[in-house]
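> Here the structure of chain H is known, so what remains is to put chain E in place on it, guided by the hints.
Chains as they are written, first to last, in the numbering used here: chain H, 1 to 557; chain E, 1 to 194.
Because the hints were derived from the structure by calculation, they are not lab data.
Honestly, I wouldn't trust all of these hints.
As the list claims (entries may be wrong) - According to the in silico footprint, chain H covers these stretches of chain E (three or more CB under 8 Å from chain H):
id : stretch
1  : 65–78
2  : 101–110
3  : 149–155
4  : 175–183
What the hints assert, rightly or not - Residues on chain H that point at chain E, a partial pick, calculated with CB under 7 Å:
id : residue
5  : W57
6  : Q59
7  : H61
8  : S181
9  : N217
10 : Y224
11 : V228
12 : L339
13 : K343
14 : G381
15 : A394
16 : K497
Owing to the predicted nature of the structure, the values given are computational and were not obtained by experimental measurement.
We put the beta carbon where it would ideally sit given N, CA and C, even for glycine.
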Amino acid sequence: MKKFPLNSEVDFVVIGSGAGGGIMAKQLATAGFSVVVLEQGGWGKYGREHEYNKDEWIQLHLPEDQQLMSDPNRQRNTFRRNDREKAKPGNHTYGCVVGGGTVTYGGSSWRHLPYEFKEATTDPTIPSGTGMADWPITYEELEPYYVQAEWEMGISGRKIDSPFLAPMSKDYPVPPVPLKSSGALMMTAAQKLGLTCVPGPLAIITRPYMGRAACVNCGICSGYGCQVRARSSSAVTMLPLAVNTGRCEIRARSYVREITTDGAGRCTGVIYFDAEKKEVRQRAKVVVLSANASESARLLLLSKSGRFPDGLANSSGLVGKYVMYGNGVTATGLFEHPLNEYKGVVSGAAIVDFVPSDPKRGHYGGGRMTARGYQTPFELGLNGLSPGTPHWGAAYKKALKEEANHRMTIQCYVTQMPLETNRVDLDPDVKDEWGLPAMRITSTSHPDDIKNMEFFRQKSIEVLQAAGATRVWAPPVGDTRGGAHNRGTCRMGNDPKTSVVDKYQKAHDVPNLFIVDGSVFVTGGRNHPTMTIQALAFRAADHLVQAAKKGAIKTSF
Amino acid sequence: MSEKSRRAFLISSATGLNAAWVAANLPEILAAQDQAQQAARTGHAKLSFFNEAQAAEIEAITAQIIPSDEDPGAREAHCVIFIDRALSGFDKSKQAVYTAGLEDLRKKVQELYPGAAKFSALTSEQQIKTLTAMERTPFFTVVRNHTVMGFLSRPSHGGNYNKVGWKLIAYDDSLNFKPPFGYYDAQYENEHKA
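Just chain E, with the same shape it has in the complex:
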């Protein structure tokens, strides 16, 4: 078994995808995994679509979509890494929306806050105002949905780092459970034991 087919086999076993399809997409998958490992090590992953400046802007948007408070938000979940990988993989077709959207964002910031260097340099309040003004654009909708999915998808896709998204919604990904599942069926079972 060649190194490539061995890795494809291992990945296919782990993901439930067929080995042929994994093999066809192997470079992207491996790159994505390397990034995830790197991210886990350093907190910063190698970017494949965004440059550093773009990533900072997108990360700032994600951090307004799911802000950090007493619980981790999109920033701690590495949603920007998820998006960067999505745009280099499954969602290549959305690259143009991001490229154009970042340009629109730059203009909107200039319009609302002349002289401001960039979105990520604005105060939180200013950022919210800027995004509210852009809330109905296709760009914002795509970033919003990517952020949510990045927050709640399997960590292997770059986001939901340390499962912080799943922890927020108290989701357990064990995929194997025994009843009672929740408060009310446990209560019902207790009441009807007697």
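Just chain H, same shape as in the assembly:
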């Protein structure tokens, strides 16, 4: 891997190596620019993925430099429901390793549907007083980049024409994952109920593709690194290609504390803490911020200066606002015969009929219902049995034996509207392990979002019953408290007064700062953000490369 001298200036510094950062690094380096990627997390098993741990007991105790997720005891954060409350320590976490959240995610790769870019002006069910707004781009503009992302990353799935699915100009490069028993039960129920159940698009390859092996259905999947490199993470797709150009250096355990600017209001680079918590300065002609919606917003707010007293790129006052962490709804059923859901990927199928909002429901909202039953042995034994089951003793053991492998869960991914009152900012009291103000999350979902969750809860119960469940339970719906699906803190738009970045993800206030992650989402879709982050990244990179080559952005090219 190329090593740039620490005192040299590079063309691009990319902050974060996940879904957005990985693509930016690869596109910029292959276009001929020099790139330094700064990743807060460790290397994980980058380049020797076969060494990824699959042992649950070990996974709970990974040494600090091998952890794959952030740690709320180090990357401290606080949470409150509204401004009247004092924020308390929170448990928001996100992927924190070279490759970011894509190293461990379930891999769902749903596109946004065309109307999801213009719901604010087309959906009559949206109540007044929310932050719903139209995106400054259309589905048609983004469609070629969805194709590019699906083919460059390696997404499995099947092109299906349906009003509930995004129209595709090209099929997926590899076929969908096996249905699993949960998927088969969902298919059966959907047929009975007249619903549409489809295989889900996943960033997990089912055939050898671009030098990587197909999924072996090991079952220790989401939350764990993939030993056979079948999960199409940034770490096995984009980053190696970036590094192989000889123009990209990845520095792990490099935690950026500030984006620096000059008197003219341009970025000059960053200051970061290395693994020993020593401050290092990296100069760059352009800064690409891809740290995830919460951390990107926090870093902008941390990057105060005389010229940017409210934080960088924040003349609108909107940095951190409209955050959407996303809501989930679950219902679980027991079945007579074994499903063996511990084999295979997390989810292979979804009911998609309720993706669009429907005035008949009496509120705004939609979502996807995904079939799954994935539980590791620890998850089953520690807290995975049906409600009311004793935690120990003969009855516990009986349930352990009888319920293992006999359950499926419907997990719904649903809408959450952007609200100005929901936001990420800096906690006035709590500091993280590096002595910087901790992230403070303020979030309460709109009442329509809660009604929508209840709608999906009832639908899930209905589907499980139609599938023939012998027993069904569904916990009460609960509002989000943070999480890796965060979006919306630096929304894109044409008007610098009402948005943070333009339609090419350039900060309105800073000509050489680009934000390429879920921050730029105007609305949240159906809480499956990764594919849209990736398509947007390819689009932003395309524009950035063209602009840089034309000299509109000053690089050494």
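Frame of chain H, contents of chain E only:
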């Protein structure tokens, strides 16, 4: 390659941990492996945290958490060995909970059954009553969770002896499967072949 680095390398290959970290923790890992081998030979492992009397009490608790019936329980799974090793390794920080908890257990037994020698000497019914009275204590919660994890973790950590825990939940640790995986996808595939 020195003996230590050779063993660290072998262990790291087998566990997916990096060799440097394995090397740093090698004495504990080797001790744990020796114990596991010893346990496999004799049914009794060398203890590293508990004394024999403490181990008997903890084993009796684990045997109430996952009792033995027609299927093996925590006792046959050697959950006490898993816990002993956890407390000498990853969960050193929980030693105090156990030390204090064993003392609380002794007092609770005396309170409920004056004159009883120890928890493990009580009848099963008396043991259940005692633990029910302690069920909300941090000590019981920790033992319960350790017992469950010991029952369902890889046998190399001392518990789940002969994979009896995995057998109870019909879990296959092959990490490589071909569809169909379960009853319903097999059925669906059959129905949709035609």
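> Are any of the numbered hints broken by this structure? If so, which, sorted upward?
The structure breaks hints 2, 6, 10, 11, 16; every other hint is satisfied.
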